[in-house]
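Q: Sequence:
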Amino acid sequence: MTYEISSAVEYADLAVIDLSKMDTPEGRAELTTEVRNALNVQGFFYVINHGLTQAENERMFDIGDVPFSQVSEEEKLAYQGNVKETGSYLGYKLRQYWVDADVADQIEHYNIHRDVNKKQHPKAVRPFLPELSKFARFNHFNVLHPLLRLMAAGMELPEDTFTDIFGYLAEGETWRESSLSFPRSEADEAKAKNVWLKGHTDYVGLTLLWSQPISALQILCHDGQWRWVKHVENAIVVNAGEAIEFLSGGYYKGTIHRVVQPPEDQRGYSRLGLIYFTLPDDDVKLREGIKRRFEDAEAPTMREWRKGRASRFLKSKLQKDENGIEKDIINGITVKFYN
Numbered sequence: 001m002t003y004e005i006s007s008a009v010e011y012a013d014l015a016v017i018d019l020s021k022m023d024t025p026e027g028r029a030e031l032t033t034e035v036r037n038a039l040n041v042q043g044f045f046y047v048i049n050h051g052l053t054q055a056e057n058e059r060m061f062d063i064g065d066v067p068f069s070q071v072s073e074e075e076k077l078a079y080q081g082n083v084k085e086t087g088s089y090l091g092y093k094l095r096q097y098w099v100d101a102d103v104a105d106q107i108e109h110y111n112i113h114r115d116v117n118k119k120q121h122p123k124a125v126r127p128f129l130p131e132l133s134k135f136a137r138f139n140h141f142n143v144l145h146p147l148l149r150l151m152a153a154g155m156e157l158p159e160d161t162f163t164d165i166f167g168y169l170a171e172g173e174t175w176r177e178s179s180l181s182f183p184r185s186e187a188d189e190a191k192a193k194n195v196w197l198k199g200h201t202d203y204v205g206l207t208l209l210w211s212q213p214i215s216a217l218q219i220l221c222h223d224g225q226w227r228w229v230k231h232v233e234n235a236i237v238v239n240a241g242e243a244i245e246f247l248s249g250g251y252y253k254g255t256i257h258r259v260v261q262p263p264e265d266q267r268g269y270s271r272l273g274l275i276y277f278t279l280p281d282d283d284v285k286l287r288e289g290i291k292r293r294f295e296d297a298e299a300p301t302m303r304e305w306r307k308g309r310a311s312r313f314l315k316s317k318l319q320k321d322e323n324g325i326e327k328d329i330i331n332g333i334t335v336k337f338y339n
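Under the UniProt record's numbering, the first residue of the sequence shown is numbered 1, with each subsequent residue one higher.
Heads up, some of the hints might be wrong.
Taking lysine-lysine pairs in the DSBU-like style, the calculated list, with each CA pair at most 35 Å apart, reads [as the list claims (entries may be wrong)]:
#1 Lys285 / Lys320
#2 Lys119 / Lys198
#3 Lys93 / Lys119
#4 Lys327 / Lys191
#5 Lys191 / Lys336
#6 Lys327 / Lys84
#7 Lys336 / Lys84
#8 Lys193 / Lys253
#9 Lys118 / Lys84
#10 Lys336 / Lys198
#11 Lys118 / Lys336
#12 Lys285 / Lys134
#13 Lys327 / Lys285
#14 Lys21 / Lys253
#15 Lys230 / Lys21
#16 Lys134 / Lys119
These are calculated hints, taken from the structure and not from any lab test.
I would like the entire structure built from these sequences, with the hints used as guidance.
A: So, in structure tokens, the structure goes:
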């Protein structure tokens with residue numbers, strides 16, 4: 001099935017990072033500059049030649065659909081996460097959990113910790129745990145760590161400055177998410193002004209989003225315009241989150257993005273997403289960097305920040321300023337949401 005877009009859509013101009021260049025010193029030097037510039041200009045970029053084949057990519061998307069298509073609604077309830085109370089997204093986030101502009105969301109998640117045995121899973125998912133574990137390790141060591149080394153080099157820091165605190169076996173919440181977004185009614189689209197997930201920055205380190213053909217992701221560009229992120233076959237769409245902004249002293253900033261109703265040609269389809277959200281180890285103080293956002297004693301740990309952000313997302317009352325930007329205060333830091 002194809003999902004071509006015939007309507008006029010303005011795409012963001014994003015850099016393409018070719019990880020095959022990591023094999024030589026000259027290539028790494030080139031990539032260091034490219035990643036630094038990409039994060040400082042748009043905050044998003046594509047990663048290609050990462051080592052996963054197109055067939056393996058399609059296999060992971062097929063597995064990603066299993067928690068939705070092969071698990072009953074009754075069984076889903078038994079594995080539902082309780083993010084508001086726990087600050088953890090692990091398990092299911094079912095539809096209509098978030099409400100914004102009096103509209104309940106139509107986005108379903110199933111989130112699996114990188115240690116796939118950390119929690120129990122629905123029966124249909126269990127046969128695929130070895131493949132899911134292998135995929136998590138691939139994302140972590142073949143994509144995340146090379147990018148973190150390039151980012152450290154871009155700040156003229158030792159190359160393992162960030163990888164040392166994004167451990168695979170350490171206590172932390174790095175997880176893989178499958179998401180399935182369903183079409184909404186025309187009435188709900190009108191009330192929400194076609195916004196499915198309001199503009200925000202991720203609270204994580206880096207977000208690794210595996211590109212898929214149904215367009216819905218937009219980024220807020222420097223000229224104040226929202227532009228679409230184009231699908232690139234077997235590419236990963238990468239953006240920085242708040243944790244990296246804190247750890248880099250603001251050198252790499254969390255990028256504002258949102259999810260909206262797809263272009264007219266693609267409406268009516270469900271949208272399957274596959275994401276690897278990466279976080280520093282839970283005990284890491286979010287204080288390193290050039291420009292301090294906190295005094296040492298006040299700096300939250302990654303555990304405190306993720307729990308505060310996750311538990312309050314679309315569950316707390318926000319204050320709106322004169323520009324229409326909505327704000328929440330978490331650990332003394334203003335968190336902004338954009339439409």
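Q: Now tell me, hint by hint, if it's right for this structure.
A: Results for each hint:
1. Lys285 / Lys320: 30 Å, holds
2. Lys119 / Lys198: 30 Å, holds
3. Lys93 / Lys119: Since the Cα atoms of Lys93 and Lys119 sit roughly 15 Å apart, the hinted pair holds (cutoff 35 Å).
4. Lys327 / Lys191: 21 Å, holds
5. Lys191 / Lys336: Cα-Cα ~21 Å, so holds.
6. Lys327 / Lys84: Given pair Lys327, Lys84 holds - Cα atoms ~18 Å apart, limit 35 Å.
7. Lys336 / Lys84: Within the cut-off at roughly 19 Å; holds.
8. Lys193 / Lys253: Holds, at about 27 Å.
9. Lys118 / Lys84: 20 Å, holds
10. Lys336 / Lys198: 10 Å, holds
11. Lys118 / Lys336: Roughly 32 Å between the alpha carbons, so the hint for Lys118 and Lys336 holds.
12. Lys285 / Lys134: Given pair Lys285, Lys134 holds - Cα atoms ~29 Å apart, limit 35 Å.
13. Lys327 / Lys285: At roughly 23 Å apart (the allowed maximum being 35 Å), Lys285 and Lys327 satisfy the hint.
14. Lys21 / Lys253: 25 Å, holds
15. Lys230 / Lys21: 23 Å, holds
16. Lys134 / Lys119: The given pair, whose Cα atoms are some 17 Å apart, holds under the 35 Å limit.
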